[in-house]
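**Student:** Build the full structure now, drawing on both the sequences and the hints.
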Amino acid sequence: MDPRPDGDDHLSERLALLPGRLERIGERMAAAAERAGRGVSEVQLLPVSKTVPMPLLERARELGVSEFGESRVQELLVKAAQVEEAAPRWVMIGPLQTNKARDLARVAHEIQTVDSAKVAQALQRRLEQADRRMTALLQVNTSGEEAKSGCAASEVEALLEATAACDRLEVRGLMTIATRGGDEAETRRCFAALREVRDRLSATSGVALPELSMGMSGDLELAIEEGATVIRVGSALFGARPPLV
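Under our numbering, residues 4 to 248 are what the sequence shown spells out, in order.
These are computed hints drawn from the structure, not numbers from a lab.
Keep in mind the model is a prediction, meaning the values are calculated, not measured.
BS3-like, lysine-lysine: derived pairs with alpha carbons at most 30 Å apart: (1) 151 <-> 53; (2) 103 <-> 151; (3) 151 <-> 121; (4) 53 <-> 103; (5) 121 <-> 53; (6) 103 <-> 121.
**Tutor:** Written as structure tokens, this is what we have:
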């Protein structure tokens, strides 16, 4: 977890701007859904709370936000420990090291970054020990970037078969991240590729995979137009991270 605190003035500003930002994101979602001939209710906003201080999360909860996406297990644990009542739904959206599976299995409700049988099996063991269940998405690397997590599109079917043996994980769909710095055509290609993989898998395996998690602050409209059911939004909602001082 980022140890650096927000300055009081900056935090106050972010708190004041939060309602308007949340409303603006809703407007962007609705406009994109309308262009795609979809209902905005088909798309879920997942606020990304990585490095976001607890006062902002609590304010977001007051505004109706009921779940948050975190990229690091340790930060998720710290935040979850600070919420005593009506806890939000915690979603892991960063790569998971298998040695962190036990901690994640204790508190998270969903993971969107299952990209190997090894990760799925580690979670299965730890969820059994904790007597819990978790929903999951399989992460697919549609950009082809070597540094990016996610299995290749050609490997998704085998991964889906491997997770079928993990009864503590309910696989609900797929997740991807578009090419970093890609133009509109490339971004759309990444999102369309995920949709096509999902449609092919659903047809060949008979497994319903209703969820497509794709799109972030800068490209959420393109994601919705290409079929996203979950968009992961951080900076457009909570503001940019304050600079190091």
